[in-house]
Amino acid sequence: MSERGTGSGQPAPRRYPLPEEEIAARVRALESLLIEKGLLSSDAIDRVVSAYERDIGPLLGARVVARAWVDPEFRQRLLADATAACRELGIGGLQGEHMVCVENTPTVHNVVVCTLCSCYPWPVLGLPPNWYKSPAYRARIVIEPRRVLREDFGLDIPDSVEIRVWDSSAETRYFVLPERPPGTEGWTEEELASLVTREALIGVARVTVPEAARR
Amino acid sequence: MGEAGVERVIANMEGAAALPRRNGELVFESPWESRAFGIAVALYQEGVVDDWEEFRRRLIEEIGHWEGQQGADQASWSYYERWLAALERLLVERGLLSAEEIEARARECRREDAHGH
Chain A
1 MSERGTGSGQ
11 PAPRRYPLPE
21 EEIAARVRAL
31 ESLLIEKGLL
41 SSDAIDRVVS
51 AYERDIGPLL
61 GARVVARAWV
71 DPEFRQRLLA
81 DATAACRELG
91 IGGLQGEHMV
101 CVENTPTVHN
111 VVVCTLCSCY
121 PWPVLGLPPN
131 WYKSPAYRAR
141 IVIEPRRVLR
151 EDFGLDIPDS
161 VEIRVWDSSA
171 ETRYFVLPER
181 PPGTEGWTEE
191 ELASLVTREA
201 LIGVARVTVP
211 EAARR
Chain B
216 MGEAGVERVI
226 ANMEGAAALP
236 RRNGELVFES
246 PWESRAFGIA
256 VALYQEGVVD
266 DWEEFRRRLI
276 EEIGHWEGQQ
286 GADQASWSYY
296 ERWLAALERL
306 LVERGLLSAE
316 EIEARARECR
326 REDAHGH
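Protein sequence lines, in the order shown, are assigned to chains A and B. Using our numbering, read the first sequence as starting at 1 and increasing by one per residue. Using our numbering, read the second sequence as starting at 216 and increasing by one per residue.
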């Protein structure tokens with residue numbers, strides 16, 4: 001069994017406990033029954049799906065990080081109460097009620113997991129990627145974070161840097177305030193936000209400046 | 216849930232729309248995953264189920280069942296299949312749907328599939 005491929009490779013082929021056609025039929029059955037009984041409308045489901053597919057994603061978290069990089073007072077508020085600070089930017093909602101932002105520094109690297117299921121700050125990160133939900137990541141990142149970051153994500157954290165693993169739950173959902181990359185002095189907030197990836201917000205990548213964008 | 220619902224979040228998205236997405240991965244691997252997701256969240260957004268924790272607790276239990284079963288390995292792991300199991304249980308245990316009608320309708324949907332709909 002391979003636990004690799006969480007970084008950039010193709011998703012591993014998998015079989016479902018039930019045949020996939022069977023699962024898909026069950027989902028359609030639920031939807032049609034709920035609509036018939038007037039409990040839900042197709043529109044309500046469509047709205048949720050399109051919101052999460054198109055509109056709610058890590059770009060919101062990227063906006064939060066960029067603001068924190070350019071506005072030290074916002075950064076203080078973010079680290080003190082992430083839910084309130086995100087609300088200032090109009091960002092909030094389901095699964096974002098108790099968010100905590102943890103700051104990377106030259107001596108501390110933070111990484112986020114949910115060992116219990118897959119708690120995740122939806123409003124700032126969208127839906128979790130598959131690797132975040134995988135039993136392998138959830139189990140291993142707690143036990144050997146330095147090794148998982150290196151082997152699965154190609155992120156080398158020197159031994160001199162402390163790694164802190166944050167276990168999300170219904171009570172508290174964490175995201176990472178990554179370090180601002182060098183060479184971005186004078187960049188606008190929007191330009192900075194374009195550098196911030198979902199992986200950096202979870203703590204499995206650094207924020208870097210692509211070659212083409214260097215000045 | 217707080218005062219900021221999904222709709223409000225979307226309403227606040229206008230200015231950010233110009234930002235490039237840094238998200239190469241598809242959110243959903245197949246349409247049924249997105250529908251299963253949408254149904255659970257919509258139940259909550261529409262107030263049919265008032266506490267999201269009711270779903271989340273069952274999702275944790277269903278994931279726990281998978282992890283506890285003999286021979287559980289990566290190949291049989293499907294997050295959204297666990298999600299669906301939790302959703303079915305929520306609907307039945309809250310008395311919104313019966314297990315029998317779910318089974319019956321699922322069989323009908325399968326028959327439609329077989330006829331190429």
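Honestly, the hints are just simulated from the structure, not real lab data. This one's a predicted model, so the numbers in the text were calculated from it and none came from an experiment. It cannot be assumed that every hint is accurate.
Derived Cβ-Cβ restraints for the label pairs, each shown as a range [unchecked claim]:
#	chain 1	residue 1	chain 2	residue 2	range
1	B	Glu315	A	Glu179	23 to 33 angstroms
2	A	Val142	B	Ser291	15 to 25 angstroms
3	B	Arg326	A	Glu211	49 to 59 angstroms
Ideal Cβ positions, reconstructed from N, Cα and C, are used throughout, including at glycine.
(message) Quick check: does the Cβ-Cβ distance between valine 142 of chain A and serine 291 of chain B fall within 15 to 25 angstroms?
(response) Holds, at about 23 angstroms.
(message) The hint says 49 to 59 angstroms between arginine 326 of chain B and glutamate 211 of chain A; measuring C-beta to C-beta, is that right?
(response) holds, 56 angstroms
(request) Check the following: the C-beta atoms of glutamate 315 of chain B and glutamate 179 of chain A are separated by a distance inside 23 to 33 angstroms. (result) violated, 56 angstroms
The structure fails to meet hint 1 from the earlier list, while all remaining hints are met.
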